[in-house]
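Assemble the whole structure, with the sequences as input and the hints as a guide.
There are 2 protein chains.
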Amino acid sequence: MENHSEEKIDYIYCSQVLKSLDYSNSVTSPAKLSKNLKLRPLQTDDYHKGYLELLSQLTDVGTVDEKQFIERFNQMKSDGKYYITVIEDCDRNRVICSATLFTEYKFIHNASKRARIEDVVVDSDYRGQRLGHLIIETLKLLAQKLDCYKLTLDCRDEMIGWYNKLGFIAIPTRANMLTIRFIS
Amino acid sequence: MENHSEEKIDYIYCSQVLKSLDYSNSVTSPAKLSKNLKLRPLQTDDYHKGYLELLSQLTDVGTVDEKQFIERFNQMKSDGKYYITVIEDCDRNRVICSATLFTEYKFIHNASKRARIEDVVVDSDYRGQRLGHLIIETLKLLAQKLDCYKLTLDCRDEMIGWYNKLGFIAIPTRANMLTIRFIS
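Chains A and B supply the protein sequences, listed in that same order. When you number the first sequence by the numbering used here, it's gap-free, plus one each residue, and the end is 164. When you number the second sequence by the numbering used here, it's gap-free, plus one each residue, and the end is 164.
Honestly, the hints are just simulated from the structure, not real lab data. Hints are not guaranteed to be accurate.
Identical chains share a label here; the pair holds if one copy fits it or two copies do between them.
Simulated crosslink set (DSBU-like; lysine-lysine; CA at most 30 Å straight-line) [unchecked claim]:
1. Lys18 / Lys57
2. Lys125 / Lys47
3. Lys93 / Lys57
4. Lys130 / Lys47
5. Lys93 / Lys18
6. Lys29 / Lys(-12)
7. Lys130 / Lys(-1)
8. Lys57 / Lys47
9. Lys57 / Lys12
10. Lys15 / Lys145
11. Lys29 / Lys93
12. Lys57 / Lys15
13. Lys130 / Lys29
14. Lys29 / Lys(-1)
15. Lys125 / Lys15
16. Lys(-1) / Lys(-12)
17. Lys93 / Lys130
18. Lys125 / Lys93
19. Lys125 / Lys57
20. Lys130 / Lys57
21. Lys130 / Lys18
22. Lys57 / Lys29
Here it is, written out as structure tokens:
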């Protein structure tokens, strides 16, 4: 019965892939989450579970109504490259942690794929519970499962140490991210 | 007649968009190219025009046969997010410069798009002719035309000054790119 109901949920990627990940070499795993917390792909209903409010703790979200949210969700879903993964507090029906894994086709490295982590945010009320660790470990395992040759992310100076502990390094002479902003 | 023949070429994105770009505020433009050089989207026939050999001046390409090349090309083309732009030396039927503009859907910033520049390479025999400038200026104009809110790239230390002159900056405290490599 539970599986049947799971199948009807409109996830942004197949939730089965999360169940197939092997956390045995990771410092954390979804099994360690408290009962009220659930790790899963983003779903359309997250519009009503505070997903955009959560993102606004990270950066400017602007005004995105439900129609625009679902349109963008469907574009991402049909692309099949947006592994947006969240943790929900099911007691409160709120999304309280999110991060995106995003893959890019390449010709280089035997026509491989590169993966990126984007838009990592933990609700301020839930920080210090290692939820960020869990979501990043999950996306690392997912990037490997998707046969990506590397995984990268951009981060602020104060987050470097945190990501270093999760295995991300600044490759000497190659760790620069440059930007042009068209809209401030 | 020329237009008719152009339409039959299998470009990775619509070549008309390049013709619509306004270079009047740029330091360079395709009009300044010598007659033998042509700026255009990647095409399937570039497999036979040294495209992969050109990429191998940048990094490891591995072994990609024509079937794999066309398969990957078609995946990128159907995604519609890969603006791989090249310069061909038509006298030699060789691709001698390439860079990729790649766009990513976002929920943030009013459900906007972010753009990235990837895999920039100028053939060693053609360096110092400002072909790199032209291709990067082209991708900047393209990213704006595609309504991206920002454009970023990762680069090596020695390239920072070069990209600074083209308007890219290391935003203080936010210019770090961290990596995990799964395959060396």
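Which numbered hints are broken by the structure, listed smallest first? none
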